[in-house]
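Undergrad: Each chain, written out:
Protein chains: 2
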Amino acid sequence: MANVQDICVSAAINIFSAVVFLIAFAIIRLQPVNDRVYFPKWYLKGIRGSPRSGRFVSNFVNLDIHTYLRFLNWMPAALKMPEPELIDHAGLDSAAYIRIYLLGLKIFVPITLLALFVLVPVNWTGKTLETIKDVTFSNIDKLSISNIPAGSQRFWAHLAMAYVFTLWAFYVLYKEYQNLAQKRLKFLASEDRRPDQFTVLVRNVPPDPDESVSEHVEHFFCVNHPDSYLSHKVVYNANNLAKIVEKKKSLLNWLIYYQNKYERNPTKKPTTKTGFWGLWGAKVDAIDYYSSEIEKLTEMEYAEREGVMSDPKAIIPAAFVSFKSRWGAAVCAQTQQTSNPTVWLTEWAPEPRDVYWSNLAIPYVELTVRRLLMSVALFFLTFCFMIPIAFVQSLANIEGIEKVLPFLKPLIERDGVKSVIQGFLPGIALKIFLILLPTILMTSSKIEGYTSLSSLERRSASKYYLFVLVNVFLGSIIAGTAFQQLQTFMQEAPTKIPVTVGVSIPMKATFFITYIMVDGWAGVAAEILRLVPLIVFHLKNTFLVKTEKDREQAMDAGSLGFATSEPRIQLYFLLGFVYSVVTPILLPFIVVFFAFAFLVFRHQIINVYDQKYESGAAFWPDVHMRIIIGMIISQLLLMGLLSTRDAAYSTPLLIVLPILTIWFHKFCKGRFESAFVKFPLQDAMVKDTLERATEPSLNLKAYLSDSYVHPVFKGGELEKPPIIDDEENDPLVPTKRTSRRSSKMGSEVSSEHGN
Amino acid sequence: MANVQDICVSAAINIFSAVVFLIAFAIIRLQPVNDRVYFPKWYLKGIRGSPRSGRFVSNFVNLDIHTYLRFLNWMPAALKMPEPELIDHAGLDSAAYIRIYLLGLKIFVPITLLALFVLVPVNWTGKTLETIKDVTFSNIDKLSISNIPAGSQRFWAHLAMAYVFTLWAFYVLYKEYQNLAQKRLKFLASEDRRPDQFTVLVRNVPPDPDESVSEHVEHFFCVNHPDSYLSHKVVYNANNLAKIVEKKKSLLNWLIYYQNKYERNPTKKPTTKTGFWGLWGAKVDAIDYYSSEIEKLTEMEYAEREGVMSDPKAIIPAAFVSFKSRWGAAVCAQTQQTSNPTVWLTEWAPEPRDVYWSNLAIPYVELTVRRLLMSVALFFLTFCFMIPIAFVQSLANIEGIEKVLPFLKPLIERDGVKSVIQGFLPGIALKIFLILLPTILMTSSKIEGYTSLSSLERRSASKYYLFVLVNVFLGSIIAGTAFQQLQTFMQEAPTKIPVTVGVSIPMKATFFITYIMVDGWAGVAAEILRLVPLIVFHLKNTFLVKTEKDREQAMDAGSLGFATSEPRIQLYFLLGFVYSVVTPILLPFIVVFFAFAFLVFRHQIINVYDQKYESGAAFWPDVHMRIIIGMIISQLLLMGLLSTRDAAYSTPLLIVLPILTIWFHKFCKGRFESAFVKFPLQDAMVKDTLERATEPSLNLKAYLSDSYVHPVFKGGELEKPPIIDDEENDPLVPTKRTSRRSSKMGSEVSSEHGN
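From first to last, the protein sequence lines are chains U and H.
Each residue of the first sequence is one higher than the one before, starting from 10 at the first, in our numbering.
Each residue of the second sequence is one higher than the one before, starting from 10 at the first, in our numbering.
In case anyone wonders, no lab produced these hints; they're calculated from the structure.
Any given hint might turn out to be false.
Where chains are identical, the list cannot tell them apart; a pair therefore holds if satisfied intra-copy or between any two copies.
[As the list claims (entries may be wrong)] Here are the simulated SDA-like pairs of lysine to any residue, each with C-alpha atoms no more than 25 Å apart in a straight line:
#1 Lys256 to Val127
#2 Lys675 to Phe392
#3 Lys333 to His225
#4 Lys292 to Leu261
#5 Lys687 to Ile371
#6 Lys333 to Gln343
#7 Lys696 to Ser199
#8 Lys195 to His225
#9 Lys258 to Val317
#10 Lys195 to Val232
#11 Lys184 to Val378
#12 Lys696 to Asn349
#13 Lys333 to Asp697
#14 Lys333 to Met694
#15 Lys621 to Glu700
#16 Lys184 to Glu700
#17 Lys621 to Pro204
#18 Lys292 to Phe126
#19 Lys418 to Leu446
#20 Lys678 to Trp357
#21 Lys257 to Asn269
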C-alpha cells in the first residue's frame, strides 16, 4: 500500500511534468512556425493568416522577449470570452462540453469543503487504526472512514453527509439540465436557415416492382403529406466513385506542385518517374504526365458517375425528403408513416456534414442481428480486457515484482525507486491499455448501423463508459486486490459486489489519487501541448507539403473526441461521489482536475479544435444519466461498506438514496429530455411564419437542391467551409473580418501572441 | 411433501367440484328466470327478449326434458362462432383476450408431448432417488430432474429440450404477435367513423393571465395546426353535479314504481313516508311527493349546471381537441407541441366510454411525485404480503400443524384427512389472499393519474403480475421452504436466488399441481356458474326491482376483468416454462387448464360479458412481454438448478438462452409494438380520402359536437347504447335484427336454449 510519502513523490512527479508541459507549451506556441498547430481554428475560420513576413528568421522563431514574460497569459485569455460568444464561435457542442467540467466544479467544490470540515475531523478522531499496528494502513487511511470503529455512532455523520451531498448534486444537476435545455432551444431557434431543418431521412423504403425508389418515395409522400411535401434526394451507393475522386485529388495536388516548381524555375522542366511513388520507371515530363493521368481519371469518374446515376441497383432504399416548411418536416419526423413499423422509417435528418453515408441502407432484421452480435462482442471486450490489466497491476506491486523477478530486489527496495514504482506505474499501465480501445468501439458502433457521426460518437461513449466502469473502476478495486485475496474472492457469490467492493474502496484511495494525478493533471497538461499534432505537422510540412492546399491539410485541428473524453470525465465524477463520504481527502485532487481541465479545454475549443459537426448539445441526456449512474453506484457501495461496520441502522436509510436518485433521473428525463430528442411544432411554426414574412420570395427548392448530396458528387468540397488563404498578405491584420465579434477575438489572440 | 396419493385425492376433489359446477350451470341456465344472468350480452345488444310467455310456471322453470339431455351443448356452441364474427360481436379486446388461452395451448401442447416422450423416460431411468430412501421425495419426483444423478451426461437431454422449447415458444409468440397486430390494424381500419379518431386529448394547458382555458386552447391550435384544427371541448369539474344527477335518477325510479303501482290498482293511492328509506316520518301521497322532490332537484341541478358552466374555476386545464381529418389528429397526437414537455401534452383521445374523467387535471410535478409514492407503496405491498402467506402455508404443512396444535395430531394423522390438508389447503390459502388485492391495485393506479379505463386496467395488471410473481410464485417456493430451512436461508446472499430457487423448484411441483387444479380447474368452472351474479340478480329482482329499467340494471353482465385475470394466466405460462424441463408431469395439468378456460371464456364473452370499453387489443404488448419475462425466469432458474448438479458445461450454454430471449423481445417490440401504440399516417389518410369521396357533405363539427361531454351533462346516458326493450313482444323471435350475422347468432343461442 502506498503511503503519504509515495503520494507526495507521485504528486511531485506529476506536478513537475505538468509544469514542464505548460512551459513547453508556452514557449513552443509563441514560435510562428507552430502557429498553425496552436491556432488552427482561427485559420479555418479565415480570420488568421500565417505569420510569415519580414525577416526570414522571424518566420520560424519568435525573438520578441516580452512575449515570453507573459507566457501564462493564455489562462486568463481562455476565460475571457463570454459564453454566448463562445457558442457563436465554437458551437453549442463545444460550449456544452466544457460545461461538464464546470458542472464538476459546481458539484464538488461545496462537497469538498463540507467533507474536509466535517468528515475529516470525524474520521481523524476515530482512532481505530492507531490500535491496529500490523495492518498495512497508511496515514491517508486515518482520514478515511476506515478510522471509525465498527458500530460507532459517528457513522451518523457519514449518513447525513451522504444525504446532503446527494441533494446538493440533485440541485446542481437539475439547474444544469434546465440551463442546457434552454441553451439548446435558444440555439436551435436562433440558427439560420439550414437544410436539415426542412429535411427528414427516410430509411427502409420498401421495394416496389413497378416503380423505382425515387418514384416510390415521391408518390408516397405526395399522398401522405400532400400539403407539405417539397422534394426528395435518393441516396447512391458511391463507394467506387469516392475512390476515384480521392485518387484524382491527389494527382491534382502533384500537378499543382510541379506547375509551381516550373513557374519558380522556368529554365528546367520538372520530370517524374511513372513507377511506384515516382521512384523508378521511365522518366517523363511531370506536367504532361499528370495532366494526361488526370484526364484519364476524369473520364473514368465521368463513366462511373453516369453508371451510378443510371444503374437502379446503385440507389439504396433510403432518401432525404424535404418539406415546404419546418412544421411539415417536424410532423413527418415524429410520426409513424405506415402500419408496418420496419419500413418508411422517418427521422429528423442529421446535418449534411453529420451524415454517415455507409449506414443508410441496412434492413431492419439485419440491424437487430448486428446489434445482438455487437452487444455480445461488447460484453466479451469489456469483461476479458480485465485480465491483462489485473496482471500488469499485480506486477506493478512491489511484492509482485520481487516475486517474479527476484534479482531486481536490491534495486527496487531503494526508497526512491520504490516510491516511483508504487506511485506511478499502476496509473501508466491503465493509461496505455485505454489507448487502443476507442477505435474498436467506434468500429463496433458503425457496424450497429447508426446513421450520423454524432450518434456514432454518443453510442461509442456509452460503450466506453461501460468499459471504464468495469475495467478501470471495478477492475482496479477487485482485480487489484484479487491477486492478494484470490481464494476469498473465487468462492464468493458474484453478486455480493456492493459489500465486497465497498469494503475495498477505502484501501484503494491512494491508488486513485495517483491515477487522478497521472491521467487528470499531467494528461490534461499534455493535451494542451498537442505533442503528436505538433510533430506530425512538422513532418508533413517538411516532407510532404507541396502546395498551400497541402499545408492547409497538414494542419490537423482535431476535435473534442466526445466518444473517449466524456467517459473519462465520468470516471472523475464517479470517483468523486464514491470517495466523498469514504475518503474525503481524495476530493481536492478531483477539484483541481476539473478546474485545470476546464481552463485547458476552454482554451482548446477557442483556439484549436474544429468540430466535424454540430449536434446542439444532443449528448447532454447521456452525460446527465451517467452522472446519475455514478451516484447510484456510490450509494450502493456506501451501503455495502457500512453494512460491514455494524451500523445496522444505515441500510434502510441508505436504500432511500438510490430510489430517490432513480426518481430524480426519471423526473429530469420527463422534464427536459424531449428538448434534446424532439422538435416542438410551436417553434417550427414560429420560424416558418417569421421566414414567410421576411422572405416571401424564397425559393426553397433551389436552396435545398444541393444539400444532402453524397460528398463525392460535390468533389469532396462538402466537409469544409471555403478557406480564405491570405498567406501572402499582411499576417497580423486579419484581412477579412467576417464579423465584428470574431475578428475582435482573433486580434485579441493575435495580440496576446505578441506581435 | 405431498405424494402421488395426495395428488390423486386433490385431483378427485377438484374434478368433482368442477363437474358439480358444470352440471349446476347446465341446469340453472336452462331456467328462464335465470336467462338474464347467463345471456345478458344478448339483452344488452337488444337481440334477445325476456323468455316470459305462456304459462306462469314456464316463466320460471324450464319443463322441456329434451333440453336437459343436451346440457353440454354449450361447449360446441361456444366454439362454433368463427373469429371474425366473434370480433364483430364482442369486440377485439375480448377476442384477443381468449387468444391468450389459445396461445397457451399452441405453446404447451407440443412442448408437453415432447417432454413426456423424451424427458420423462430420461428422468425415470435416472434412478437416483431409489438409492436415497430417507429423503422425503415422492413418486412424482422420480419423473423429475431430481432423479438424474449429479454430473450425469443425461443433462444434455434437458439442455437440448430447453433450447427446443424456447425456440418453439419464439415461433408461436412471433406468429401470434404478427397475427394480433394485423387483426388490430384491420379492426381499426374497418371501424366506422368514431369521435376518438378525430380527437386528441390535451392536458396541462398552461395558465394564461389574459385568456380563459377555452380561448387559450383555441388560439394555440389555430396557430400551430392551422389547416386541420376544427373545434375543442373543455373539461368541467362536475363531481357535485354528478351527485345531484345520480340522486335525481333514483327518485325518478321511485316515481315510476309508484305510478305503475297506481295504474295497476287505481283504487288506492300509494303513500310513502318522508323519512330515511321510507321507513318513518310523515305519511304523504307518494306520487306527489316524488314529483315535487324531483322538481326541486331539477332546479338544483340546473343551478349547479349553470354554475359549473359559467365559473371559470370549474374548468380544468385539459381539453378534447378535434381535427378536420384523422390525419390531422394523428399528427397532433404524435408530435410535441412546445419546447416545454410538461405542458400542452397531447395524446390520442380514448374512446368516450373509456375516459377516466377524474384524472384529467393533474400537473406534471404532482404526477411524478404520485408515481414515486405509489411505486414505494407497491414495493411494500408486494414484499410485505409475503409474511401472512408464508405463515398460512407453514400451518398447512402437516408437521407445522402438529407443532402448533399438538392435540390435533390423532385427527390429522389419518390418511384421508392428511391428504386433504396437504393437497387442498395450501391452494385455498393462497386464493383467499388474492381476492382482496385487485381493488387496492386499481386505486393505486388511479392515484397515479392514468386518463383512461383501459390504461388503468393495463397498469393494474402489471402491478398484479409483479405481485403474483413475487408472492404466489417466489413466495410459495422460498417462504414455503423458508420455515423449514430458516437458518440456511437467512445467511445467504439475497441475490443467489437463481440457485436457491432453482434447487427448490422440483420439490414444489406437487404444490403447484394442486394449485393448478384448485385455481385453474375448479376456479374456471365456478366462473361459468356465475354464482355471485346469480344470487345478486335474484336478490335485486325480488326486493329492489321496481321498474323494467331497474331489471335492466339488476342484470350485471360483468366483464373480463383484464387487471386480475390476465396476470393469473401469466402464472400458468410461468409455471409451464419453469417446469417444462424440470418436472414435465406438471405440463398436462396446465394444458387442461388452457383448454378448459378457453372453452369457458369463449362461451362467456359470447353470452355474458359486456366490455365497458374497446381498446382494440392494446394490451397485447404487455401480454407478450410478461410471457417473455416468464421464459427468462425459467431459464435463469434452470441455470441455477443445473449449476448445483455438477453439470458445469450447462452454464455457458444456458446463459445464451436469456440473451436470445431478450433479443427476441426487442426484435418483436421493434417489429410490432408500434401497431399498438402509434397511429400510422398512411392509414389515416386512406380513411380520410375514402370518407371525403363517399360523404362529401359530412358535417363533422355537428357529428363531434356531443362526444366528449362529461357523462353528467348527458344525463348519464353515455355509458350504454340505447336498449331496445321488447319484454312485451314475442320473446323468442328477435324483434329487431340489427345485423344479419348477430341475429343469426342470437337465434342459434336461443334455439340451443330449447324453446
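Undergrad: Would you mind marking each hint as holding or not holding in the structure?
TA: Hints and how they fare:
{"no.": "1", "hint": "Lys256 to Val127", "result": "neither (66 Å within a copy, 65 Å between copies)"}
{"no.": "2", "hint": "Lys675 to Phe392", "result": "between (29 Å within a copy, 23 Å between copies)"}
{"no.": "3", "hint": "Lys333 to His225", "result": "within (19 Å within a copy, 27 Å between copies)"}
{"no.": "4", "hint": "Lys292 to Leu261", "result": "within (19 Å within a copy, 113 Å between copies)"}
{"no.": "5", "hint": "Lys687 to Ile371", "result": "both (24 Å within a copy, 23 Å between copies)"}
{"no.": "6", "hint": "Lys333 to Gln343", "result": "both (16 Å within a copy, 20 Å between copies)"}
{"no.": "7", "hint": "Lys696 to Ser199", "result": "within (9 Å within a copy, 39 Å between copies)"}
{"no.": "8", "hint": "Lys195 to His225", "result": "between (37 Å within a copy, 24 Å between copies)"}
{"no.": "9", "hint": "Lys258 to Val317", "result": "within (20 Å within a copy, 76 Å between copies)"}
{"no.": "10", "hint": "Lys195 to Val232", "result": "between (34 Å within a copy, 21 Å between copies)"}
{"no.": "11", "hint": "Lys184 to Val378", "result": "between (40 Å within a copy, 19 Å between copies)"}
{"no.": "12", "hint": "Lys696 to Asn349", "result": "between (33 Å within a copy, 17 Å between copies)"}
{"no.": "13", "hint": "Lys333 to Asp697", "result": "both (9 Å within a copy, 22 Å between copies)"}
{"no.": "14", "hint": "Lys333 to Met694", "result": "both (12 Å within a copy, 19 Å between copies)"}
{"no.": "15", "hint": "Lys621 to Glu700", "result": "neither (28 Å within a copy, 49 Å between copies)"}
{"no.": "16", "hint": "Lys184 to Glu700", "result": "neither (33 Å within a copy, 50 Å between copies)"}
{"no.": "17", "hint": "Lys621 to Pro204", "result": "within (17 Å within a copy, 49 Å between copies)"}
{"no.": "18", "hint": "Lys292 to Phe126", "result": "neither (79 Å within a copy, 83 Å between copies)"}
{"no.": "19", "hint": "Lys418 to Leu446", "result": "neither (34 Å within a copy, 70 Å between copies)"}
{"no.": "20", "hint": "Lys678 to Trp357", "result": "both (20 Å within a copy, 22 Å between copies)"}
{"no.": "21", "hint": "Lys257 to Asn269", "result": "within (18 Å within a copy, 101 Å between copies)"}
Violated hints for the displayed structure, listed by number in ascending order: 1, 15, 16, 18 and 19.
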